Amino acid sequence: MKKEVKLFVNGRRVDSRLPEQLRPIDMKVGVVSRADGSAEVRFGNTVAMASAYGPRELYPRFLQEEEAGILRVRYNMVPFSVDERKSPGPDRRSMEISKVMRLAIEPAIFLEDFPKATVDVFVDILQADGSTRVTGINAASLALASAGVPMRDLVSACSVGKIESTLVVDLNGVEDNNSESDMAVAMMAGRGEITLLQMDGELDKEEVMKLLSFARENCRKIYELQKQVLKEYREGE
Amino acid sequence: MIVLPGELIDERKGRKLGKGVYEENGKVFAKVLGLPRVGDNELSVIPLSGAYLPNVGDRIVGVVLTVEISGWLIDINSPYKAFLPLAEAVDEFVDTSRVDLSRYFDTGDVIFGRISKVTKSKNVQVSMRDMVSRKLYGGVLIKVSPTKIPRIIGKGGSMIQMIKQNTRCDIYVGQNGVIWIRGDNKSRAIEAILLVEKESHTSGLTEKIERMLSG
Numbered sequence: 007m008k009k010e011v012k013l014f015v016n017g018r019r020v021d022s023r024l025p026e027q028l029r030p031i032d033m034k035v036g037v038v039s040r041a042d043g044s045a046e047v048r049f050g051n052t053v054a055m056a057s058a059y060g061p062r063e064l065y066p067r068f069l070q071e072e073e074a075g076i077l078r079v080r081y082n083m084v085p086f087s088v089d090e091r092k093s094p095g096p097d098r099r100s101m102e103i104s105k106v107m108r109l110a111i112e113p114a115i116f117l118e119d120f121p122k123a124t125v126d127v128f129v130d131i132l133q134a135d136g137s138t139r140v141t142g143i144n145a146a147s148l149a150l151a152s153a154g155v156p157m158r159d160l161v162s163a164c165s166v167g168k169i170e171s172t173l174v175v176d177l178n179g180v181e182d183n184n185s186e187s188d189m190a191v192a193m194m195a196g197r198g199e200i201t202l203l204q205m206d207g208e209l210d211k212e213e214v215m216k217l218l219s220f221a222r223e224n225c226r227k228i229y230e231l232q233k234q235v236l237k238e239y240r241e242g243e
Numbered sequence: 024m025i026v027l028p029g030e031l032i033d034e035r036k037g038r039k040l041g042k043g044v045y046e047e048n049g050k051v052f053a054k055v056l057g058l059p060r061v062g063d064n065e066l067s068v069i070p071l072s073g074a075y076l077p078n079v080g081d082r083i084v085g086v087v088l089t090v091e092i093s094g095w096l097i098d099i100n101s102p103y104k105a106f107l108p109l110a111e112a113v114d115e116f117v118d119t120s121r122v123d124l125s126r127y128f129d130t131g132d133v134i135f136g137r138i139s140k141v142t143k144s145k146n147v148q149v150s151m152r153d154m155v156s157r158k159l160y161g162g163v164l165i166k167v168s169p170t171k172i173p174r175i176i177g178k179g180g181s182m183i184q185m186i187k188q189n190t191r192c193d194i195y196v197g198q199n200g201v202i203w204i205r206g207d208n209k210s211r212a213i214e215a216i217l218l219v220e221k222e223s224h225t226s227g228l229t230e231k232i233e234r235m236l237s238g
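First to last, the protein sequences are chains A and B. Just add 6 to wherever you are in the first sequence, counting from 1, and you've got this note's numbering. Just add 23 to wherever you are in the second sequence, counting from 1, and you've got this note's numbering.
Source of the hints: derived by calculation from the structure; they are not laboratory data. Quick caveat, the model's predicted, so the values are computed rather than measured. Mixed in with the good hints there might be a few duds.
Stated by the list, open to error - Only part of the chain B face toward chain A is listed, based on derived beta-carbon distances under 7 angstroms: (1) Gly29; (2) Lys54; (3) Pro59; (4) Gly62; (5) Asn64; (6) Ile69; (7) Ser72.
Ideal Cβ positions, reconstructed from N, Cα and C, are used throughout, including at glycine.
From just these sequences and the hints, can you work out the full model?
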């Protein structure tokens, strides 16, 4: 996937953004009528659709927990989401991302409110152009809130990284493939608690701290957008 | 005014915590998306969506799933099944070694009962030992969002009374979001109830429904 491309021209990125600029964000709630809650989030050309169900009965029974409910998350890239057709179904990558997304969202949910039951979230990536897992987390969090699942806070996520020795925010597909380092961050922005922190590549300590502060700042922006979209959805009903 | 999960509602100031809220360091936050209720004695959030979670005292419409040795398992439109023990359903003495309990309630029968017990791990028990509880014969069941039930019942039962009078239907409303309707005009009653569910946030709804049903 690595290509020889100029990632910076006159201080602008491949899609003419500034280093610390997010892509245009669009969020919609209630896109899947049969789900208990659903949302679609777009970060530029990356599109994630999430549907949430539950709390509902959990079978097989050996999965049930006596003291608390469980959360199940499935991350799935649809075959037409990338340039070269992706063979459908779970693979190593999507299974791992499903797990880290679950771990990112779990701290926000009051699982103890529904023992023995489950909440399921299905995240489908309809178009992939970098930062799919954070887009998925944002969509999942909106879907859960609109389904009425008890939560401590909304979870907001964004990616940060380093390309051509410059620290940037919200990497797209080309930048992701050619980056020196990239970092996915999810947090409960209202409380300032980080729930997911993944890094690939090499960074020194100052860079990590700098990127973390970028991530915090942008998660807050995304958080405000999420709140606005949810309120508009409920008031327009 | 709508609050979202994690939004600050108020300082606690010694007040009771109702449903849909949690406390941290004396501050009270919303847990679900809903309408905040800040009272002198209690803080709570009325949810706008979500599954039915049973509470003691709730009136429910349930469907018998299976007949057990000494009772019945009831579907209460919730993540949890409820158990109806024999003693909570039948007044006479029943010798369980001789009698098959399906002569009282069989699979698929509809009952109107009350949640009598909910344990910490959500084992739910239903009781029919009061005057309003009964087996419901015939009729149809419809499901609505459990969060909209208070609006369908109305202040002091005003909305549901009005629908009952105008359509001359028998209607039983369960707080679990299941409604049982019987009568010749049931399609109009269903229409009215679904309209209340859809427009539950608007005011003057009782008058609107009344006009719809009489016009």
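Hints and how they fare:
1. Gly29: holds, 3 angstroms
2. Lys54: holds, 4 angstroms
3. Pro59: violated, 13 angstroms
4. Gly62: violated, 21 angstroms
5. Asn64: violated, 22 angstroms
6. Ile69: violated, 11 angstroms
7. Ser72: holds, 4 angstroms
Consistency note: the structure conflicts with the earlier hints numbered 3, 4, 5 and 6.
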